[in-house]
Each structure stands twice: as structure tokens, then as C-alpha cells.
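Turn these sequences into a full structure, and let the hints steer you where they fit.
Spelled out, the chains give:
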Amino acid sequence: MEEKNVKLRIYGMTCEDCVETISRSLLEQQGVMDVNISFQDGLGEVEIDPTQLKPENILKNQVFSRNSHYKATLIE
Amino acid sequence: MRKETKHYDLIILGRGAAAFSAAIKGSEISKGEMTIAMIGTGPLGGTCVNVGCVPSKYLLEASHRVFMPKHPRIDGIYETIVDHDISAVMKGLRSYVSDARESKYAEVIKNYNNVTLYDGLGKFLDRKTVEIGDDREKKIGIVSGSNILIATGSHPSIPNIEGLRDAGYLTSDSLWGIDKLPSSVAIIGGGSIGLEIGQALLHFGSKVIIIEALDSLLPQTEPEIGSALRALLEKEGMQFYMRARIDSVHKYKGRKLVEIITHKGKEKIAVDEILVATGREPNTGSLNLEVAGVKTDSRGLILTESSMRTTSPGIYAAGDCVSKRLFLETLAAREGVIAVSNMFGETANIDYGSSTWAVFTYPQVAGVGMTENEFSKKNGSCLCRTFPLSNLTKASIMGETEGLIKITVDPKDNRIVGMQIMAPNATDIITEGAYAVRNGYTIDDIISTSHIFPSMSEGIKIAAQSFIRDITKMSCCVE
Chain A
1 MEEKNVKLRI
11 YGMTCEDCVE
21 TISRSLLEQQ
31 GVMDVNISFQ
41 DGLGEVEIDP
51 TQLKPENILK
61 NQVFSRNSHY
71 KATLIE
Chain B
77 MRKETKHYDL
87 IILGRGAAAF
97 SAAIKGSEIS
107 KGEMTIAMIG
117 TGPLGGTCVN
127 VGCVPSKYLL
137 EASHRVFMPK
147 HPRIDGIYET
157 IVDHDISAVM
167 KGLRSYVSDA
177 RESKYAEVIK
187 NYNNVTLYDG
197 LGKFLDRKTV
207 EIGDDREKKI
217 GIVSGSNILI
227 ATGSHPSIPN
237 IEGLRDAGYL
247 TSDSLWGIDK
257 LPSSVAIIGG
267 GSIGLEIGQA
277 LLHFGSKVII
287 IEALDSLLPQ
297 TEPEIGSALR
307 ALLEKEGMQF
317 YMRARIDSVH
327 KYKGRKLVEI
337 ITHKGKEKIA
347 VDEILVATGR
357 EPNTGSLNLE
367 VAGVKTDSRG
377 LILTESSMRT
387 TSPGIYAAGD
397 CVSKRLFLET
407 LAAREGVIAV
417 SNMFGETANI
427 DYGSSTWAVF
437 TYPQVAGVGM
447 TENEFSKKNG
457 SCLCRTFPLS
467 NLTKASIMGE
477 TEGLIKITVD
487 PKDNRIVGMQ
497 IMAPNATDII
507 TEGAYAVRNG
517 YTIDDIISTS
527 HIFPSMSEGI
537 KIAAQSFIRD
547 ITKMSCCVE
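Heads up: the protein sequence lines correspond to chains A and B, in order. Per this note's numbering, the first sequence starts with residue 1, numbered consecutively. Per this note's numbering, the second sequence starts with residue 77, numbered consecutively.
In short, the hints are calculated from the structure, not lab data. Not one of these hints is a red herring.
Computed beta-carbon distance windows for the label pairs:
#1 Lys60/A x Leu379/B: 23 to 33 Å
#2 Glu137/B x Glu20/A: 57 to 67 Å
#3 Ser457/B x Glu28/A: 47 to 57 Å
#4 Asp323/B x Glu56/A: 47 to 57 Å
#5 Lys488/B x Lys60/A: 30 to 40 Å
#6 Gln62/A x Glu178/B: 36 to 46 Å
#7 Gly369/B x Glu28/A: 30 to 40 Å
#8 His160/B x Lys60/A: 51 to 61 Å
#9 Pro119/B x Glu45/A: 35 to 45 Å
#10 Ser531/B x Gln52/A: 51 to 61 Å
#11 Glu20/A x Gly369/B: 30 to 40 Å
#12 Glu56/A x Gly217/B: 28 to 38 Å
#13 Glu56/A x Asp504/B: 32 to 42 Å
Beta carbons: idealized from backbone N, C-alpha and C, even for Gly.
See below:
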């Protein structure tokens, strides 16, 4: 299986605990293989299985839902 | 990435209504963290506030205040001539526009530290990178964006008519600089811009001649409304050349000679000024859209899905540069919001079907949803009723009975699928039609909802009642 690297711009993080919360939620999403988030840069890299998850559906993770404090956009 | 390239989370090409609503929405969702580059030329706020809705409605309102007292409609109220100074009116108009631009755009954007304004024209270098240049194509800088929104708007389209450029003309972009009323104006185009400006100039005292290529005014409206509006404008003194083509324009003894071809043959009219109002074309020609993979239609308007995504991933479009039927400031702002919401993973779509549109003549014309003809073509049959304002108490008290209300319903379930209104305040009362079309209300829903008597909005209720009874045999306030 070929993994795909998806880069995210993540908004709303205020501390390292936010990194933990977002990472945990993303890792629970089907098709997510690995997550690496930088609090300092507000950036995230997500390794996904493209046969199970489309990059844009990462943004539909509940940690980025309408009522959540955290938001994200795709960088590429 | 090039060394000199500055990166932003969002690049917005344009600085009008769509651009501002997108920048504000992006800032709100990200709580001010989204870095945004807003690139454009010309005054902030784009068409609407500077050369569109705002100055044209100001001019119309001012003109009605001169015209109405000269044409009273109530017994015992006598004709009154209103002293006025067109130069002072235009000065007031420009001052109002300037204040509106400052308070609604220039001052507003200062509250968003995450937004950087670039004064220049953007041009794609690739799908993620934009070069900013001045109007002489001198490079100002290069920026890249994770997402890009194209909201570059439009400009008046000028038909290729022999002699027009030499003779000179005004457009809806340049009219606002005049200080003297032209005593006669030929307006090329009988659409909303031509009719609104035409009526404003007519009400101030100009002789106005509309030259229209089609055989009816306002092609998006029900034919009854186009005819009724034309009859009213003719009564006010506006002249029309329908199914007419302009062969050429020449300067002649300080005036402009317009040679028109109609089914009757050639005719020459001499006027002091020409206003070109033949529609608008998108500001997409210099964007280098091909390298970004953004496709346009044959008119250069950008093709989008209802999510405002273009044919290129990560690039969205909103406003008057988008391929669609309705070109409105309110839609542009909505499209900007939808584009940005979708960048954040939401599933938002534009609903053109329940978007209201208007023509701000007096009386006004406003509509929502499908016309009788559109619904019939799509579904085979429809049911519709036209209610003349001559049967409406409020309209007859005001002496303004020229208008009408037309409702189109789906005969299968009586759902309202379209409404058009010609009435003094059509732009206010059409919102009832928008609720009805958007939420699938039936004529029974309208009838069972309380409406004030006597009011113009009551006309919508009576128009709905006309589906179930002969309203000419109905007393006031019958449910």
C-alpha cells in the first residue's frame, strides 16, 4: 500500500495539549496511518491510506467540526 | 518555492464584496489566524459600493424626489416644481460613496491584522503562486497560497460600434463623475442598468432614448412585467427603439449622431450623450488562468461547482467573474462565504434557485425562482396567476396601480416555485417569495399567514388567493 502525505494548516491550537487532542482524534479516523503536528508552526502532516480516505475528508474529522475550537485547511 | 515568495494560507484576487466577505469569514473561522493576502486595484469595495448599487440607487432616489412632486397622483395635491442643482446632487452622491467605502470597507479591513492588502494585479505563475504587478506589468512581488479565491469582478462590456470610441460615451463606471445633466441621452441596452440610469436621468429632466437589440425589456422577467414597465416608462416620456441595432456613431456639431437600424430601416438620432449599458464582462483576461488549470466559459466567466470550487484543486471563485445567470452583490458575498467554508471542510453550496434579484426602477421589479416559461419547459406544465395592483387597496390609495404580482406554482403540490413583483417596494416584499421558494411553501401557507391590510405585501396573499377563487368577487380581508 502506498501512503499519501497530506499537509494541513491547523488553527486554534494554544498549547501542546491541543496537539495531543487533535492527533488522537485524527489517529482514530479510518485511513489515517500517522500524524505529526507542530504547535509552533500551526502545521500538521498526516499519512493516509488513499484507498480508505480522501485528503479533504480529514477536514471532516470531528475535531475540526463546526462546534470545535480547532479548524484546518489543506495546504496541498 | 521561489526565494522571494511570501506564503499565505489564503490568497484572494480582488477587493470587492466577494473578496471582503471571504476574508472576514476566513478570519472568523480561524479566529484571526488565517494569513490572507488580498490583491487588487481600484478603490476598495469593488463595483457595488463604488460604481454599482450604491451610486445608482442614490441617483434614483434623488431623481424621484424631483419627479414625484411634479407628478402628484392624489386629488387635491398640486404639481410642485422642485428646485435642484445636479452638480450638488452628484457631489453629494460622490461624498456618500466615499463615506460608504471608508466605513464599510477601508475601516473594516483595518480590524483584521491577518489580512495584507496588495495594490496590484495578480497573475498566476502556477496553481499555487501568483505574481503581483502594477498596471504597467512591473513586478511588485510574488505570493503563494494554500488556497486561492478568484473574486476579480467585472467591467462594462463595450460593443464594437463604428465611431463609438471617437464620439465618446459614458458607462456605469464613468457616469458618476458628471456634474451637468445631459439634455438628451441615448442608452445602448434595455437591461437593468440601462433602465435604472435611464429613469434617473429622465426624472431629472433628460430626454432618454433606449436602444435595445431584443424585442422585450428585462429578458429575465415575466413578459407581463417587461411590457408593463415599458408602458409606464413610455408614459413618463422615455423613448424606445426595440429590435434595434446601431450601425455607427459620429460626432456632429458638438453632439453625437447615432445611426440606428430597425425593421423600419435606418434612422439617425442626435443626442448630447451616449451611455453604454450592454452588460458586463469578467476581469479574468489577465489572470493567466490556463497555467493554473482554471477553466472558463466562452465569455471568460469562471466555471465552478455549487461549492464554488473551480476546475483546479485548491482554487475557488466567487462574484461577478463566475459563470452563472445572476450577477448580484448579495450573491457575490454569499459565494465568498461558501468558498471559504468549504476550504475548512464544510459542505456548503450556493442556492441560485432561491436568490432574489431586483431592478430599482420606480416601480421596482423583483423576482425569485423560476418564471412560468422556465418551469413549464422543465416540468411540462405549471400553474400561475397574475394579480394586477389595480385590485390592491393600498396601491389604489397611493395611486400607483401599474404593477403586478405573478406567482408560479408546481401543479402537483401547489408549492411556490417562482414569484415576480412589479411594485413601488417590490425589493422589500419579494423576501416573502424567497422564503416560500427556499422552504417549499404552498399557496395555502401564504394564505394562512397574516398580512397587514392595507399594505403592498397583502398583494402577495391576494395573488395566492387568486389560485383558489375569483378575487374580483372577494371583499376585503377574506381568508
